[in-house]
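The whole structure should be built from the sequences, with the hints applied where relevant.
Residue numbers (my numbering), protein chains in the order written: chain A, 1 to 222; chain B, 1 to 59; chain C, 1 to 243; chain D, 1 to 214.
Just so you know, the hints here were simulated from the structure itself, not pulled from any lab data.
Be aware that a few hints might be false.
Quick partial rundown of chain C residues pointing at chain B, CB under 7 angstroms, derived from the structure [said to hold, decoys possible]:
{"#": "1", "residue": "K52"}
{"#": "2", "residue": "I53"}
{"#": "3", "residue": "T107"}
{"#": "4", "residue": "T118"}
{"#": "5", "residue": "A206"}
{"#": "6", "residue": "L207"}
{"#": "7", "residue": "L216"}
{"#": "8", "residue": "M235"}
{"#": "9", "residue": "M236"}
All residues carry an ideal CB built from backbone N, CA and C; glycine is no exception.
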Amino acid sequence: MNPFLALIGRDMRLAIRVGGGALMGALFYFTVVAMTPFAIGPDLNLLARIGPAILWLGALLASLLALDRLFATDHEDGSLDLLMMGTMPLELAVAAKAIAHWLTTALPLIVITPVLGLMLNVEMSAMGWVALTLLAGTPALTFIGLIGAALAVTLRRGGLLLAVLVLPLTVPVLIFGVAAANAAIIGPAPFGPPFTILCALSLASLVLGPVAAAAALRQGLE
Amino acid sequence: MNLGPHAIFIIASYVVVVVVVTALIGWIAADYAAQQRILRNLEQRGVTRRSQRAKGDAP
Amino acid sequence: MAVIDLANPTRFLTLVNRVLPWLIGATALVFAYGLYRVAGAPDDYQQGATVKIMYLHVPGAWLGMMGWGVMTVAALGTLVWRHPLADVAGKAAAPIGAGFTFICLATGMLWGRPMWGTYWVWDARLTSVLVLFLLYLGMLALYWTAEDPNRSARAAAILALVGAVNIPIIKFSVDWWNTLHQPASVVRMGGAAIDASILVPLLIMALAFTLLFFTLHFAAMRNEILRRRVRSMRMMQAREVPV
Amino acid sequence: MSTDLIELCAKDLACERGGRLVFSGLNFAVSSGEALVVTGRNGAGKSTLLRLIAGLLRKSAGELDLTGGAAGADEATVAEQSHYLGHLDAVKPALSVGENLRFWTTYLGAPRGAPIRPALEAIDLAQLSDLPAAYLSAGQRRRLSIARLVAVPRPLWLLDEPTSALDTQSQSRLAELMRNHRAGGGMIVAAAHGPIGLDDSRELKLDAQAGAGS
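Written as structure tokens, this is what we have:
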């Protein structure tokens with residue numbers, strides 16, 4: 001098995017085992033979305049209108065907050081040094097970690113989206129579309145968050161600093177994500193354009209994220 | 001026993017309960033088997049618990 | 001048999017191995033009889049046959065609450081009486097309580113669809129059960145991320161106590177929140193006085209659920225004791241190597 | 001390791017960290033079979049030099065390159081041809097001893113299916129291979145970290161106080177491994193305070209730059 005798959009396998013095994021952070025993102029997402037109506041009130045048709053927005057904000061926060069430990073644990077136990085000395089370029093190693101993180105954090109999040117949609121009174125048919133937009137958007141969130149995680153690895157105030165650093169970068173993803181979701185549910189507007197832009201953002205971040213994160217790691221390690 | 005127009009929801013509820021209960025039972029049984037396997041494996045390698053040696057008690 | 005001599009895990013294990021088959025038998029019997037009575041129970045004049053969902057929904061809520069009760073007693077056992085098996089009991093009860101709470105939520109949604117036209121209505125009681133479920137998820141996350149059982153025991157016990165104190169507060173605030181925004185017509189689940197022909201099957205099902213809970217709980221405790229035994233033997237194994 | 005003559009040479013190497021000049025004007029060369037022990041007081045830059053050679057730090061001046069070695073090794077960076085054994089052991093507690101070593105063996109580029117058992121036997125942890133690493137003592141974790149050097153053949157070993165946390169038996173085992181490595185044409189650059197079982201090694205003394213430079 002080549003180093004790329006070995007690293008993905010290791011990270012997923014670590015995430016799933018006791019002490020790992022596999023479902024933490026999904027739990028946070030469930031809690032945030034389940035608690036929003038306590039602020040907004042139980043009015044079902046209001047909830048239905050802003051359902052996609054709540055789901056997207058929850059997904060955004062959940063995938064970012066779960067990222068801050070991505071490099072920190074490796075940095076603390078010395079693995080990060082060795083990851084930089086592999087035969088594989090650091091960019092690929094960083095991408096492998098992001099893919100493992102996406103599989104263990106963002107995927108469960110997308111799987112439970114339909115259940116949460118029910119709580120926000122979003123019809124079942126629309127749930128498929130919202131999940132689709134999340135499926136297209138979360139890679140962008142993870143790979144952009146990767147840059148924040150790499151920057152935050154050597155700084156003290158890891159977690160929140162990561163969110164503050166990275167949230168502005170994820171604004172386009174949020175805009176087109178919610179736009180696509182709303183277009184699918186309420187929308188006079190067509191679903192196509194915002195969705196394709198969302199996919200483009202994700203593909204771009206697949207390249208930008210690892211390159212920027214690897215550079216940040218090389219600079220950061222003193 | 002006629003379940004009336006909403007039969008689907010009644011049956012679905014019972015199916016949910018069956019699924020959740022079997023999931024709990026399955027997880028507990030699998031966990032039990034896994035712990036037994038590891039314990040047998042450890043005992044095979046001659047690892048003995050303090051209590052077996054000193055007749056004390058080690059949870 | 002005083003609780004004290006249950007303190008010895010080995011003796012507790014032999015007790016569980018002896019009692020468990022009987023418990024499983026009793027659970028199956030009561031469930032069979034309960035389902036038989038439920039099948040025979042009359043339909044509700046308003047909801048028709050969908051009232052049969054109540055026989056799962058209401059016991060689910062009771063068992064969800066009882067699960068947290070068991071964890072609270074276990075928490076006192078850990079913090080106050082220092083009972084060695086207390087944390088084992090608490091950790092074993094968490095997933096089972098969460099399971100029953102999930103049953104309550106799921107059947108509540110499936111009951112809501114025919115009655116109110118949507119799967120989820122922010123009804124006061126259903127919402128309180130939802131918050132209880134969130135508490136359970138927090139507890140499971142706590143047990144899931146802590147590797148060392150002695151460290152997580154104290155933290156979980158404190159969370160259980162804090163949770164127990166907060167459940168009535170949450171119940172009150174959700175009720176208040178619900179009446180604040182209350183759209184006029186929400187059918188109360190289950191009328192004030194339940195007729196005996198519906199009440200008896202409900203109590204039998206509740207008993208069946210309780211027996212199921214304790215069967216699963218004892219089995220889960222047995223697993224937890226074995227897991228800690230594996231842990232101490234692995235520590236032996238690491239040390240016995242001639243370093 | 002059938003490597004013909006390889007040589008690591010540095011010409012007036014300098015390194016600055018956090019605005020402080022750690023060392024400058026450093027010249028040394030190490031070739032196959034040789035060992036260089038870097039000594040000096042705390043803060044003299046021993047670890048910094050090792051991390052710089054390993055490519056984990058950026059040099060602020062001078063030349064550093066590894067020449068010769070197996071065919072096609074010249075474009076591989078120094079990092080890809082060296083092992084770095086730092087103060088931290090890079091061991092994941094949730095993974096078992098075998099899983100930890102298997103991962104590093106695959107990641108650091110050992111040929112597919114290279115057995116990890118000989119490396120585990122070399123550090124006498126073979127019978128603990130499926131024990132989670134959380135249960136290991138500091139010494140055992142250190143030995144697991146050393147196993148990585150045995151499992152993946154690389155010419156240059158960079159050892160930062162390798163004998164810390166090791167008892168006498170493990171130290172003699174490490175000395176044995178270092179002898180075999182050098183006999184096979186490998187090189188060792190080690191930072192240490194006292195003796196670490198390296199016979200006939202050259203010494204590179206680093207005197208602390210008393211705040212010289214910027």
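Structure-based check of each hint:
Hint status for K52/C: holds, given a least beta-carbon distance of 5 angstroms to chain B, under 7 angstroms. Interface hint at I53/C: satisfied, since its Cβ lies 5 angstroms from the closest Cβ of chain B, which is below the 7 angstroms cut-off. Against a cut-off of 7 angstroms between C-beta atoms, the interface hint on T107/C holds, since the closest Cβ of chain B lies about 4 angstroms away. Taking 7 angstroms as the C-beta cut-off, the interface hint given for T118/C is violated, the closest approach to chain B being about 13 angstroms.
This hint is violated: A206/C has a C-beta 13 angstroms from the nearest C-beta of chain B, more than the 7 angstroms allowed. With its C-beta approaching chain B no nearer than about 15 angstroms, L207/C sits outside the 7 angstroms limit, and its interface hint is violated. For the restraint placing L216/C at the interface with chain B, the shortest Cβ-Cβ distance is roughly 6 angstroms, inside the 7 angstroms limit, so the hint holds. At a threshold of 7 angstroms, the smallest CB-CB gap from M235/C to chain B is about 10 angstroms, leaving the interface hint violated.
Hint status for M236/C: holds, given a least beta-carbon distance of 5 angstroms to chain B, under 7 angstroms.
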